[in-house]
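Q: Chains as they are written, first to last, in our numbering: chain B, 1 to 520; chain U, 1001 to 1335.
Please keep in mind that the hints were generated in silico from the structure rather than gathered at the bench.
We put the CB at the ideal spot given by N, CA and C, even for glycine.
Incorrect hints may have been included.
[Claimed, not checked] Covered, in the sense of this in silico footprint (three residues per stretch, anywhere, with C-beta under 8 Å from a C-beta of chain U), are these stretches of chain B: (1) 39-46; (2) 56-63; (3) 147-158; (4) 409-419.
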Amino acid sequence: MGKKITVDPVTRIEGHLGITVEVENGKVKDAWSSGTMARGFEALLTGKDPRDAPFVTSRFCGVCYSVHQMASVRALDVAFGAEVPWGGTLLRNLAMGAQYIYDHILHFYHLSALDYIDIMAVAEYKGNDKALKAVKDKVIAMVEAKDTFPLTPRYQPDEFCVRDPDMVLSAVKHYIDALAMQAKARNMGAIFGGRQPHYQSIVVGGCTQYPDVNMVAKFRTMLDEQAKFVNEVYIPDVLAFGTGPLFPLAKAGVGGGHYNYLSYGGLELDKAGKDLVFPAGVMMDMDPAKMEVAPFDPQKITESVKFAWYEEDRPQHPYKGQQVFDLDRKEAYSFIKAPRYDGRSMEVGPLARMLLAKNPDVIGLVRKGAKPGVVARHAARAIETKLMVDACYRWCDELLAEMTKPGFKIHDTAHYEPPETGEGAGFFEAPRGALGHWIKIKDHKIANYQAVVPSTWNASPRCEKQYRGQYEESLIGAPVPDPENPINVVRVVRSFDPCLACAIHLIDPKTNEIRKFLVE
Amino acid sequence: MDPGPKRGDLKVKKLLGEISRRDFMKFCAGTAAVLGLSEVKLIAKMTEALAAAPSKPPVLWLSGQDCAGCTISLAGALNPPLSSLILDKLSLRYHEALMAGAGQVAEATYEETVKAGGYVLCVEGAIPTADDRFCMIGGRPFREMVEQAGQNAAAVIAVGACAAYGGIPAAGPTGAVGANKIIKNKTVINLPTCPVHCDHLIGTILYVVTTGKAPPLDKIGRPKMYFSELIHENCRRRYYFDNDMYLTDWNDPAQKNWCLYEKGCKGPDTYADCPVRRWNDGQNFCIDCGAGCMGCAEPEFYDGMSPLYTAESERSRNIMARKKAGLIPRSKEKV
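Generate coordinates for the entire structure from the input sequences, incorporating the hints supplied.
A: Written out as structure tokens, the structure reads:
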């Protein structure tokens, strides 16, 4: 029996997460991932006007709000029978593009980077770069004032930490530069979204922001600045770290997991919806030599609640799931349910998407000997940020062409009133991975609402077959030489970009009512 | 805008580091007007206080039943930038989304900061009261943390609609309430809107650390400097409301500036300075993007404002009834 270590709270993530690991001979032998906050979103949506759902589900998460709006309006589009005009889709996609760019930059620099650098190495910088020296002086002034919050206290740097003063200093400078970039990317999104966080303009049937040429021009100009940062700073930083000082971490395969990957696919590049930024697909037990991709079948999704604070139930498709809330359940350790695909535990997110898309850069890294894990996740995220920048340019061009045509439309006005009955599923690829919302409408109101979000896939507890969730499995074998300093534990978990508030919202403790979700 | 006397210029530069005088002036202008101070005087006062402080004012940020949207909104600050605030101006002791440490390292910092006292406490998210287990952090009920941290705080700021009045979680089954229901016998400064506006938050923090007291508040704890006028009073679509011209089709360019009442706008019932301040560095805001105001600055948000995107709520009917009774004053006629 090894020593058990609990990291709670796991910080620099969205939401509340506790991780417990059992360490034996300096390595993680077993792991448990536990979501520790719930708000009861499903219950509060029941009985409401369906058009509230995108606004409310946006508040699942204040980091990746827009993708919930998107999955939600797509479910509503189906349920209302709305046909979104191409202009409406373009406006939505541009808003989503801004979300991706800000979100990935924020994750790398502000939520993750501090795990990989020994920030105090800046003191040894001997160079003459003016901007870097200014950053060095800032950090030294903080040290001299004996107030280095929030950069310390921290876990102690280990052998995988970058200590080269030039590299560390430039990373800290980019941390500061990126703070402005992520804010500006959100400002860019507000042009069509109304404001960020929490867009206001994304509604069933399309978008409410009537565009003009100036808006597109402004978006493009702001996009230029983002493109420059992504191409000249973000990607070079990730590649320099990933192929340089962090390559041993990649080679050691830290944070691998089950090597099963899933993407729902999404973000149309053309009106016909054939060309997508992210293709859908499934890969089981990844074999670097083969990289076989199977088609995605929504019917193979089930959810288990064996180890979650719900009454035991057979695993069910989300359409048919029943939930009985049970806070006193003995074996349970999480508010998060355990979704499985074909009974297997899957990874979703940038790494899954780039492997399934057979992105040459990511495949190249894998073939070089980097096992998909912590480092590959950061690389995949950076690479798809560039894909998203390119897609935004294309959408800007398309929008300009579209809006100058006679009869230009942004909304399906004929299908704005809620139907008496209806149902719909909305699938989307969020920055953190595969996202699905399901709605059922009765008497013009929401009869039931379900969401299976990326962090439900990744952060799930065990299922009834005892298969670990993806965070849990990824932690197995992670080096923890010092139980007081479990830095690799947070590195592995943060590489997924956890978003816990999303994952936990589907309970009704007041009524203890059995919630049925059936689609006839 | 005239940048003011040279002497002040140097002073501001020295004390505020990266923040340009122009940025800071822009930021302080609204605050100064409300206080009745000249801008120059206010800036001098603020910068003196920041300089006189022996160390950076400590800030303790607790997140409960939140979505982190208020943190992301804060991260949108460009004038002054967040980097300057968290590295130069404030000592951000505990903030789960931004701090380096985790687990016990984070816990220890929390304990030490609370013990030392004298910090600005920011609460993000609601607090569950139906059962403590709905929000546990480091094995402790969030409710207890808010209670404990509230006792030793120099000032308490409820950040966003959830922390102020319960927000969206209050419509759910966890008994979610705002911070002032947990922290008794102490002024809680409420900064509703969902999420918080970063100007409101930064301005309030600077006000508190500068003057050592809360800004003047309205009856429900909101700073008057941001929440004293109705959205409707400053709405650029008001002429169309007065003349019963309501947008019904988002595709029709002729209607694109019309009143959003039919689309559920609650502007006539909501106090906030959004139409003047706007969002995302002035880029846009709810009403300008064609979606209407959802009333997120009011305690009745969210349940009392639903349905949001149509005029079928009790609220909307009430607005129309008052309009018909002549109780909503007309703006000056369009020239």
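Q: Closer than 8 Å Cβ to Cβ for three or more residues is the test here. Does the region 39-46 of chain B pass it with chain U?
A: It holds, with 5 qualifying residues against the three required.
Q: Taking a Cβ-Cβ distance under 8 Å as contact, does the region 147-158 of chain B have three or more residues in contact with chain U?
A: The restraint on the region 147-158 of chain B holds, since 8 of its residues have a Cβ under 8 Å from chain U and three suffice.
Q: Three residues minimum, CB to CB under 8 Å: does the region 409-419 of chain B make the cut for coverage by chain U? Let me know.
A: The restraint on the region 409-419 of chain B holds, since 4 of its residues have a Cβ under 8 Å from chain U and three suffice.
Q: Do at least three Cβ atoms from the region 56-63 of chain B come closer than 8 Å to Cβ atoms of chain U?
A: Three-residue rule met by the region 56-63 of chain B, so holds; n is 6.
Of the hints listed earlier, there is not a single one the structure fails to meet.
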